[in-house]
Structures are given as structure tokens and as C-alpha cells.
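Modelling step: build the complete structure from the supplied sequences, incorporating the hints.
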Amino acid sequence: MTKAAGLTITGGLLVAADGAPFPGAIRCEGDRIVALGGDVAPQDGDRVVDAGGKLIAPGLVDLGVFAIDKPAFHFGGITRAALMPDQNPPLDRSSTVRYAAQSGKPDFWVHPLAAATRGLDGTELAEVALMRDAGARAVSTGRRWIADSGIMLRLLRYCAMLDLVVVTHAEDGGITGNAVATASEMATRLGLPSAPAQAEALAVARDIALAEMAGARLHVRQVTTAAALDLIRAAQGRGVAVSAGVTPAHFMLSDTALADFRTFLRFSPPLRQEADRKAVIAAIADGTISVISSGHDPRGPEDKRLPFADAEPGMAGAETLLPLTMNLVRDGVIDMAAAFRLIATNPAALLGVDAGVLTVGAQADIALIDADRPWIVSSDKMAAQAGNTPFDRQPMQGRVLALWKGGMQVV
Amino acid sequence: MGQTLMTSPHNTSAGPFPLGAAAFPHRGLLGIAGLAPHEILFLLAEAEQWVELNRQPTKRVDHLHGLTIINAFFENSTRTLLSFEIAGKRLGADVVNMQAATSSVKKGETLIDTAMTLNAMRADAIVIRHASSGAVRLISEKVDCPVLNAGDGQHEHPTQALLDALTIRHALREKGLGESFVGLTVVICGDILHSRVARSNILSLTALGANVRVCAPPALMPAEVEQMRVTPFYDFNAALKGADVVMMLRLQNERMQGQFIPSPREYRHLYGLTLDRLALAAPGALVMHPGPMNRGIEIDSNVADMHMKNGEGQSLITRQVEMGVAVRMACLEVLTRKARKLEGWDMPANNKGSWA
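Residue numbers (the numbering used here), protein chains in the order written: chain Z, 1266 to 1676; chain Y, 534 to 889.
Hints may be right or wrong, so weigh each one.
Claimed, not checked - With a cut-off of at most 20 Å between alpha-carbon atoms, the simulated DMTMM-like pairs for lysine to aspartate or glutamate come out as follows:
#, chain 1, residue 1, chain 2, residue 2
1, Y, LYS675, Z, GLU1567
2, Y, LYS708, Y, GLU845
3, Y, LYS675, Z, ASP1525
Everything labelled a hint here was simulated from the structure, so no lab data went into it.
This is the structure in C-alpha cells:
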């Protein structure tokens, strides 16, 4: 579709910032939303799309993906993603950041996360301000934590000055070592190298203390244990600017799933015990966790058809982010408005981008969603670059019917 | 089930076991986990005939004549490889050994490619050792023949557990204490965390009714090990009290110094099996070690060398090696029955309605 034409999506249920979705229509001109509500009608010459009573929602904003995999993102209703700095070469200089920031346009927007340290090795601060001006929307420690607390403090102070969120990975590397599982009955039975779940709480405790000292904004990309969530809840209670995210794997699965050594279940951080999985769901319900992201990391057989401990971590999650979040709505954990805050509004706000919410004047990133439509995940037929999903052959509910990025239809 | 029902000529051992393949309805032997107690006992019973054979001057039968067994060892091994090789040869099979250094076969496609290559050579059984937990299972999914796990990472080493059980049973019999493991107190002491021998033995001994205690310093004790129905101890002296069997594990001191324990000397101070310590166990307690031993570290020479003979002596360490060959013969012979189309075994394993 050409951008110039007006577009009106009628007869849908508009996802609101709060409360239940309400009947109405949305009208766009060019790449912007110009009107929405119960009384919006198409104008002459508009292309009109009948939503058929389905959800009209903001395009999803995915905070922390490892690959730009447009077909998978579009399938999943994702219109923007924050790219992790763990690329080859890493996003640790302005040139690579600038390239990454342009790499999806026009039909998909990439918001690069700048590497906190050169080469992501945790020792020398990278040129964060130059990268910000080249398009980085936040700073990230990548897949690993920064072991040196002095460097972490200096990073947080610097990023506080630049008003950039620091996105961290919460695992104390000294405790985790080469672990690939959580120390538990399961890891013991399987003989997998494992580390105590408290490695996460230790990392979170330190980073909260440092962020509080520095007055920095901290986002812990994946918080997966009850102990770490308690620390974050307490810090939020006393006004520390710390937020927490999670991926669906950690609220859908626990480490009992590892019984067959399936490498599609190898994640970093690893799957936790059932009590921690339930704590994650409780933290989503009470708002302690404010972001759900896909952690999209497509991995081919050369990385996954290996003995468990030798395989690379990660899952192709873009296509299942929406339906698995809809599970939480169906289970009564959160309402529909909260679901879209978790997968669109809040991540957009953390990145400081004008997206993730349906509002007049915003970019027309719009998803038409049937929240109940059933489908079955099939590892070998996925849109993603690789089919490494732990949910292969499982039924899902919730699917994107159409997707517009900046008023341009992409699905 | 009475003896008269044991009409199948191929359940050679007398015993209360289901007929034909129902006695051991598994395609391979990946671990003790997943075996029912009577399946463990079946393999032990099958091994008895091979213990007898191995004590004859002529130790060869032709049950596996014409079959090819490949020993694919992706991790260095002398004893286990030798034991499997002798077992295969005594059964009349053609045995081929493939030793691949761990470093050169690190990448997994290579591993799976290797598995498919072995499969294409139409092996009739493959024995695999690999440094990664779960690797043997991964390979077994890619090949058509039975796979025997000769040790995968820190996961399982099922033939070791079987040979240990057979050794204990022979010693009990020799001392006139019967056949049963029920109520027997077994202490497993050493690096439980990294030990596949410990895991397989815990599963097998608890399945057979023994009380198992595990003893290690905290850094070498796996999380929630008590969920495997064992009692953990940090204090070796306390663990030994009243024990009937003391199973020592090898301290991989070359890997461990300063990381898990301060020094081998200090390890011996707390966890070495000395004569004085052994006196804390039940009188005549049996001493075992999977080998190779670090004499003077986890076990003193004067303990290790008290070899049992005619019910006297406490050390079963060389006996374990002897039983190892018999147990591996039993495993190879049982797992190839389907391919050899033995009566009652010539049907799909894991048939529906049966236990898997």
C-alpha cells in the first residue's frame, strides 16, 4: 500500500492504555495515526479495512532480540525491536550502531542497544554517547554481566548523565561459571553443569545498589527467580528506577522440561524450578515485571544439534510472544490492556521511542489481532530463520491477521 | 511366576522374569534411570553364566558370531574400553574400537555425522563414551542399532552400576549373607557432583532396596541429591557408621586443586578411606572403587589391597573388574537378541501395552 493514501480500520476493538478494549475505528494518514475512537469514520478515498470485531492493537515492541529476522517479527505482530549488542561485530561503536539502526527500514524498525563495554568483555567502557547519537536507544551489557563492580558503577553514572537506560543480564558469572542449568533435582539427575538460582539475586542486588548510588535507570532484561523479583519489588517500592523483563519461556516452562536433554530448552539464564516460574507469573500480575520480550535468537542445527551442555542458548521466540502473552490474559493473570503494556507500551517507553500505544499523532504501527485464533507451532514451517522453539507442535491461541508499520501494510 | 513357566530357551537364567523380550524391553542401555528393578535383576542374572565362563580356561562362545560391535570412545579410557572389547570378543563378535580425542570431536555436527557414519557401517551394537551429559542419548536417536552408554559426562555409567551390584551380590553370597540388597547400607564417598558412577549406582542400589548414603564436601555434593532417595553426609566418619558397603570414588585431583577442595592432602584428611576409618563401618564391610585409584588420597593401599578370597578380606576392587566383563557380555548379548531373531525377542521393543 502506498503511504499517501488514508487508511481506516473499522469495526474493531481498540486496545486502550487502561480498561477493556472498546469498539471503534482508527484512521491513519501517511505514517501517522490521525484519529481513533468510537465515532471515527472513513473519509473519501480512504482504504477501508473491516476489523471484523477483532483487536486493533499497537504493533509490538520487542526489547532485546539477537537477530533481525523480519518474517518472524512480522508474523508475531512486532513492528520494532531493540537489537542486542551481541552481534558480529558487536555493536560497540557508532558505525555498527548506525548501520543496525537503518537495517530494518522501512517496514521494520530496529533500535540498537549499545554495548556497554568494548567487545562486550566487561573491562573498558565503550563510546556510549557517540553510539547514542548514532541511534542507540539504550545501553546493554549483552549476554553477560559486568563482573567488575567499579566498571559497572562508572557505566551507570555515565548513562545516568546521558539519560540512557542500562539493560543488564543478571547472572553472577563467578557462581554460574560454565553452568547450563539451575542447581536442582533435575540438573542433579541429568548430570548437567549447574549453578544455584541465587546467582541471579546476587547480580540483581549488586546492580540495584549501584544504580541507586548512581541515580541511573536500570532494566534487568530477564528476571526469573523469586529471590531476584523480591529485590526488584523492594527497590521499586523505595523509588529506585529499576524495571524487570522476562521471556515467555520462563513463565511457561520449568526445568522439569529438560528431562530429554533437548537443546531447544537451553536458555541463558537457564530454566528455573517450578516455584520460581510461579513467582514470575505473580510478578507479571503485580507489575514488578513490566516487559515481556521474545529474546528472539534463531539458531540452526550447527548450534543446537549438540549435546546439551555444548549447545548455544536461545530460542526463536518472535512468533510465539503474542500468543503466550495472551495465555496470561486467558488465565486471568493480567487484562488485555496490561498485556499490551508488557509487550508494547512499556518497552517503547524504556527505549524512549514514540510507539507502543495507539494515540493520535503517533506512528501508525498497528496490529490487527485475533486473540483467540488457534494455530499450531511447527518448528520446520516457521517464518523465523531457524525453528529452535521449545513449543514445537504445541497449540497456540492468538494470531496477527494484519500488520501496518508506519501506515504501510506489511502482513 | 514359577520356574516351570521359564520355557523359553533364551532366558537362560533361572529366575522370576517375564518371558522373552518382556524381560528387557529396551532398545539400548542409556542409563539405569528408566529400568525397573526386575530389569536390573534380569541383567545381573544373565551375567552369572558369563562369570562362570570367564573363569574357565576357554572363554569363548559364538553367540554373537558375525556381528560387529563398535566401541566409540570420545573420551579417553583404558579400562572400560578394554572391558567392552574383551566382552564382545568372548561372545564371538567382531569388535572395532574408535578412540577420538575429545578436542577434535567437540563440534556437534561432527558428533552426529560420526554417529551416522557408524550407522552406515551397519554396526550391530555401538558402545559410546562421551564427555557431555546426554550425548549418548543424542547419538542413539540417530542410529538404528542398540546403543550402550559407557559413560556420558556427569550423567550415567550404567554398566558400572550393574557390575557393582553383581560384585556386591557375589560377595554377600560368599559370606553366606544371601542375595538381597534390601536393607543394605551403602556409602558412596567422593566427588558425587561430577560422578556418573555415583548417579548410576544411586539409581540402581535404591531401586534394589539398599539404603544409600552419599558423602562429599559441600562443593562436590549435587543440589537436592536427597530427592534421589539418598542421605547426604559431609562427615565421612558419621556416614561410615554401620555401613555394609563403602564405595569410594576417584578424586579427579588434577581438575580440582584449589577449586573444590584445598589440596589432595586435606581431602585425604577428611575423606580418605584409612584402616581406622574403615573400622567405623560394620564389621567386615565391603570396600569398592571403580578405578583407577589414587592410592594414598581417597583410599589407602592397605585398605585397597585387603582382597576378598573365600569370604575373607574386604576389598572387592579387583572383583569389580572381573564382574565388569561379565556384565558387559550380558548387556551385549541381551541387546542383540532382537537382531539375532531369538525366539520371543523377535518383535518390536517397547511394544504397546508393555512397560517401556
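Is it true that the CA of Y/LYS708 sits at most 20 Å from the CA of Y/GLU845?
Given pair Y/LYS708, Y/GLU845 holds - Cα atoms ~8 Å apart, limit 20 Å.
Straight-line Cα separation of Y/LYS675 and Z/GLU1567 no greater than 20 Å?
Roughly 16 Å between the alpha carbons, so the hint for Y/LYS675 and Z/GLU1567 holds.
Against the 20 Å threshold, does the CA-CA distance of Y/LYS675 and Z/ASP1525 hold or violate the hint?
Holds: Y/LYS675 and Z/ASP1525 sit about 15 Å apart, inside 20 Å.
Violated hints for the displayed structure: none, as all numbered hints are satisfied.
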